[in-house]
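Number of protein chains: 2
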Amino acid sequence: MPNPLHAELAQLLGDRFTTSDYERQQHGQDESSLPPMLPDAVCFPLTTEEVAAIVKLCTQHQTPVIPFGAGSSLEGHVFAPHGGISVDLSRMDKILRVSADDLDCTVQAGVTRQQLDQSLRQQGMFFPVDPGADATLGGMASTRASGTTAVRYGTMADNVLTLTVVLPNGDIIQTGSRARKSSAGYDLTHLFIGSEGTLGIITELTIKLQGIPEAISAAIVGFDALDTAVKAVTEIRQAGIPVARVELLDDIAIKAINQFSNLALAEQPTLFFEFHGSKATVQEYAEMAGEITHAWGGSDFQWAVDIGERNALWKARHNAYFACLAYRPGSRSLTTDVCVPISQLAECIIKTKEDIDQSGLTAPIVGHVGDGNFHLLLLVDPHKPEDFAQAEQLNERLVKRALAMGGTITGEHGVGMGKMKFMQAQHGAGTLAVMHAIKQAIDPQNLMNPGKMLPTLE
Amino acid sequence: MPNPLHAELAQLLGDRFTTSDYERQQHGQDESSLPPMLPDAVCFPLTTEEVAAIVKLCTQHQTPVIPFGAGSSLEGHVFAPHGGISVDLSRMDKILRVSADDLDCTVQAGVTRQQLDQSLRQQGMFFPVDPGADATLGGMASTRASGTTAVRYGTMADNVLTLTVVLPNGDIIQTGSRARKSSAGYDLTHLFIGSEGTLGIITELTIKLQGIPEAISAAIVGFDALDTAVKAVTEIRQAGIPVARVELLDDIAIKAINQFSNLALAEQPTLFFEFHGSKATVQEYAEMAGEITHAWGGSDFQWAVDIGERNALWKARHNAYFACLAYRPGSRSLTTDVCVPISQLAECIIKTKEDIDQSGLTAPIVGHVGDGNFHLLLLVDPHKPEDFAQAEQLNERLVKRALAMGGTITGEHGVGMGKMKFMQAQHGAGTLAVMHAIKQAIDPQNLMNPGKMLPTLE
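Those protein sequences? They're chains A and B, same order as listed. Per the numbering used here, residue 1189 is the first one in the first sequence, and the count goes up by one each step. Per the numbering used here, residue 1189 is the first one in the second sequence, and the count goes up by one each step.
Chain A with its partners taken away, still in its complex shape:
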């Protein structure tokens, strides 16, 4: 029996609507180790108006709507636990407007980070949020993503001016304006950032840009121990030195990227730094940072000043996720994502490293340590349920530790399906009740990405 919603969507979109097994499979999985859950069909809209039409039809047929960007999420955000329609925004990939005068631009939600970067760099600008993956800007906003440069430039929460959003009722709204600041009512821009498609679909973003700094330099520093590396970063942050990036990789992560990216870095806990500014300021910042790392027993800075070296280094860092997977062939990663106040970071990492050692799991550590955020890649054999159970147990201990330290269960990956079970411990019943009230107010039929983010109230 033909599905009437499918028939209407096919009429609307032609061959940009599909129920093929291949596309359903592609849209029911992400980069996580969670088992896939397929949507019933996939749409590829080209405009905000088409998204609105799709959402209206789905609402009429009380069918779930799951937005999809690049599928690079790590917590099952794009899964379809209740079936429904995956709305793939990747063909909405137009850069609609760039203003060098205002240092802002407007893009469709399917524009990817690298696509935008290539276009902007030719014009002397860049968009500073860099989660590593070549995610879509819409997906990055939906998960409140950040990454290596948040320590200097902030997260998606800090770099979006206004969003175009399709609401569950099919209305198309603007959440804000192009003004750099505004006190005109509830902050809907920040409400939709990080809402993971549960309140509507982001179709366009107006974002803040940066001019490419006069000087950029990168350096790496090795340490004998993990805790001294972290303590050096803590002191650098406390001293207010405006590092543009400061990433920690432990000895196992370095081994993995050496193998994957054919590098020969010393296999020890290592900090990757980048400094942005004028030539004089970059030199000054680097000297200040170098003095602190040296005092904590760090090696001399190994510099990567020219763009080729620098790109090789950061490409290796960005590929750390895949390098770590390749380090234990055939494995999947359960990736943790806590973020704690920086004064607690060294203790949090050290205790976690002890947990890893006791577990017998292989789990490289990579971290945006300037923010207090780090990841374990708990490498598990997909055929061994006991691996998963052990990794899950370790993650739970880590999450509880972070919460006890005043931190968060997820610094940048989002909640999706994987972290729902920790939301009550994070927020408490009263705060969760407010989130539920907002969800109910905006999506009363619970059709927008259902089964994600908000746990059922107890």
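It is possible that some hints are incorrect.
Copies of the same chain are indistinguishable here, so a pair counts whether it falls within one copy or spans any two.
[Claimed, not checked] Here are the computed lysine to any residue pairs in the SDA-like style, where the Cα-Cα straight-line distance is at most 20 Å:
1) Lys-1419 <-> Asp-1289
2) Lys-1467 <-> Gly-1478
3) Lys-1419 <-> Leu-1291
4) Lys-1396 <-> Arg-1340
5) Lys-1282 <-> Gln-1302
Everything labelled a hint here was simulated from the structure, so no lab data went into it.
Since the structure of chain A is provided, determine the placement of chain B on it from the hints.
Only chain B this time, still in chain A's reference frame:
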């Protein structure tokens, strides 16, 4: 007949509950030119739990609750158009925790900007949001305030980590955590920032601090014309020079502060700059800025390097509001607050200046021009309704101009009662409907600061 709610509040709070005419008068007015509207009574709680008890009683008696901080708002935020209870948080003035390691602190909502500043400076830190007025931190969060330093450090939206909020049902919630970033669910911190007491009462704030920079220097530059001053700022922003403050005062504002603060500044459009950083970077930034202002015909920088001179200069700038009122004795100010993309700022100011000249009103211009935000102080004689009408007309033209330029009706003062009539033009019906849905979900009886921010749906 005794009011039963008043009796219960008196029992709860003793002499920290009052219906005295004096206190009702004090709590039914602000710094705006709007006519006062008095609450029925005033409470002075000392703790979050007392605020929760007050709110619960008011909810039981279906009585409006109006939070009150320092009364320095400019749009009637603290007025009681439907009567009710003013909850004055000024006695909740404890700094609860300061962490130099994490550069954050937790304060009660009644702590004022200057009180916090005095405490922090002794510890080598400062809180960067500076609206000029000695507002409470709770009030600053409620209106999403900013001020002279937003160009470098952002607004309240950028500098709060988490809030303690009393909800309309009396629940006490935390909106976030002390982590520097988080992707754990809806961003309630940003939702409550700028919500003007319409969703609950902020009772505690955890905020980000900054280390006092090694070097600070301030300078003023005069220009022959307003537009060249603005164009110089635009170019400085576009060049990415990280000025800590850049304020514009027109010739009339300079005359007013010369008289009020006994200064002898050249009476012409003038930029006030401040630079923060290391000695070397401050010098570098200042030289870069100086080259640009010079190219636009600005005078040489007049430096105020030592702390006494610098404080005198900024005190004069902060007192500009009162200086302008004193410039036309007996007047009140209708203060405008648009913010536009910086590429539009020069045109917006020039056209507005033409409007002022045609109107015959006295209206000094002061502006946080680095953000695209500026204020007219439309000085009106409180006994002349025709003055008000003319000022209101000019403000409406300005608001429409800003919206046409992609800007906002209020950069930092908030909506209150004064700007409600522009909310539909700012946001459109769909966006306003979302705001109403949120309000209805969290405050279904419409008891939290009713008659503010959200216009009745048409």
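Now for the hints, and whether the structure bears them out:
no. : hint                  : result
1   : Lys-1419 <-> Asp-1289 : between (40 Å within a copy, 11 Å between copies)
2   : Lys-1467 <-> Gly-1478 : both (16 Å within a copy, 19 Å between copies)
3   : Lys-1419 <-> Leu-1291 : between (35 Å within a copy, 15 Å between copies)
4   : Lys-1396 <-> Arg-1340 : both (14 Å within a copy, 14 Å between copies)
5   : Lys-1282 <-> Gln-1302 : within (13 Å within a copy, 48 Å between copies)
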